[in-house]
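Enquirer: First to last, the protein sequences are chains H, W, R and Z. With this note's numbering, letter number 17 in the first sequence gets 17, and the count goes up by one each step, no holes. Residues are numbered in this note's numbering as their position in the second sequence, beginning at 1, plus a constant of 1000. Residues are numbered in this note's numbering as their position in the third sequence, beginning at 1, plus a constant of 2000. Residues are numbered in this note's numbering as their position in the fourth sequence, beginning at 1, plus a constant of 3000.
Since the hints were made in silico from the structure, they are not lab data. Some hints could be false.
Facing chain H, from chain R, some residues (calculated, C-beta under 8 Å) [to be verified]:
(1) Lys2014
(2) Lys2107
(3) Lys2112
(4) Gly2133
No residue lacks a Cβ here, since even glycine has one placed at the ideal position from N, Cα and C.
Protein chains: 4
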Amino acid sequence: MHIRIFTTGGTIDKVYFDAKSTYEVGPPNIETILNELSLEFDYTVESLMKKDSLDLTDQDRTFIYEAVAKDPADKVIITHGTDTMVETAKTLAGIQGKTIVLTGALKPALFKITDAVFNIGCAVAAVQTVNPGVYIVMNGRIFPHDKVRKNVRLGKFEAVE
Amino acid sequence: MHIRIFTTGGTIDKVYFDAKSTYEVGPPNIETILNELSLEFDYTVESLMKKDSLDLTDQDRTFIYEAVAKDPADKVIITHGTDTMVETAKTLAGIQGKTIVLTGALKPALFKITDAVFNIGCAVAAVQTVNPGVYIVMNGRIFPHDKVRKNVRLGKFEAVE
Amino acid sequence: MHIRIFTTGGTIDKVYFDAKSTYEVGPPNIETILNELSLEFDYTVESLMKKDSLDLTDQDRTFIYEAVAKDPADKVIITHGTDTMVETAKTLAGIQGKTIVLTGALKPALFKITDAVFNIGCAVAAVQTVNPGVYIVMNGRIFPHDKVRKNVRLGKFEAVE
Amino acid sequence: MHIRIFTTGGTIDKVYFDAKSTYEVGPPNIETILNELSLEFDYTVESLMKKDSLDLTDQDRTFIYEAVAKDPADKVIITHGTDTMVETAKTLAGIQGKTIVLTGALKPALFKITDAVFNIGCAVAAVQTVNPGVYIVMNGRIFPHDKVRKNVRLGKFEAVE
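Could you put together the complete structure from these sequences and hints?
Expert: Encoded structure:
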């Protein structure tokens, strides 16, 4: 089995720069996390961009769409910032015949306490088991892309009717 | 959504006792791991036993069977030692109408580098998405209980025909 | 033996707020770190302020000075942001009869990879062993307060003549 | 400044082997820990042996003695199992003109919660600041080698008169 992974940035990849006393988006942590594990599937990781998801433009989303659409893989995981994850998911909804799972983290993967590894585990299992379509996998749930929103106040994703 | 979790011991719960310079099975780490996350489902954790899976007896497996069978939940995760995880899974195969996922870890959850959190993420997603039956979720895969073995030499689970 | 600990903020206590996609100064991590250890000395921790050290004012430094000067302890550790740690140390130089050690971190204590715990270890040993005076303990060295600077480009403290 | 580091094994270097469901002494963690830090001193690490300290023989202690005695460095840190750390320290007491610090850990360095990094920080500061002699640096204290014992029941080192 093969899983194709694209990374776009977001909190999951945030690093802290002492020189500027600020954070920035760093290298994709999903690759580091998966490389530490002993896995019974193949995967390839490609970084499409390194952005806070609030900074993603229509052009960026078109770029993500095209990368996913033209890739031969039928199982795709995308790591993405949480603030506009749902918006990007909607953009990808037109792609047929693929199971596309967007995930990310509410706390950076480089923190001692982070949801990144758990979320990636959920995403890896979900992309193998659910029907083709576009999904958000966060907070331990697999949400169809058109039935989910980020509740910013609670800092979690929740189902909407 | 509710997930019922039973713990039985195994490497995932191994702790190190300085006094004896040895490892023993400690409290269930799945509870600590899930409690640190912000989750959109309910769960309850019950420790059935704290054993290295090589030490599990037929009586222990009957005890696990009965706990799972009589529980009203239809989504069940069991954390278990890896050496006899497949054997316990076979014992549970007679239970109807439930999705039962066994998982564990090859490196203790208390280690800096461990597969425990990733495996639990996989198990949480799998138990929501696959049909009723008994599964082993390890190394990033969801194996039907009768199509999997632990490859002790490689230290990983793999599919068998 | 008793060590008195004051905290003022800085990178060591930086947390990440998803809601704002930014870092802020959180609760003092030195207390959490020491509480996880089994120690053969007593300590008390008091948070004087929670500030990035670039934001410290003369008034803040007077406040720190007075807290240290009036405290009966003769062994004092202060956690502090690195950018103006040397400046605060100079302010405290007038205090007689106490060993005062300033430390902090270049990477937040909540990160998986951080210098916080190592630096606190150095500070705890230094405050017990060096003569009264004011010291910066960073990067594995014990610098007299008037013989050290932060090399911002290299991201480390170094001796000056 | 240069610090010479010798490693001998002990809990600080314990790893877990799934294949045997047991722990063994692995590679020296002090090197990994120091390499992750940005330090203002030089150090070299040499592994003398990889043993649980209960298994150290008189011959092993002679070997350690000779390695330390013939080394030109005047600042020496030795990582060592805790159970016979005091015994080895006594053996080294005849070496003149060097500050020799023995340290280790009560919980393996590879655990999420460990005293290894803190202890190494204490040892690095102590070896720079105390007079020549042989010391045990554990539990946040610097003990002269002839005024300390391990309290096995409490799992910590404590001063003796």
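Enquirer: Now tell me, hint by hint, if it's right for this structure.
Expert: Checked hints:
no., hint, verdict
1, Lys2014, "7 Å, holds"
2, Lys2107, "6 Å, holds"
3, Lys2112, "5 Å, holds"
4, Gly2133, "27 Å, violated"
Going down the numbered hints, you'll see the structure goes against just number 4.
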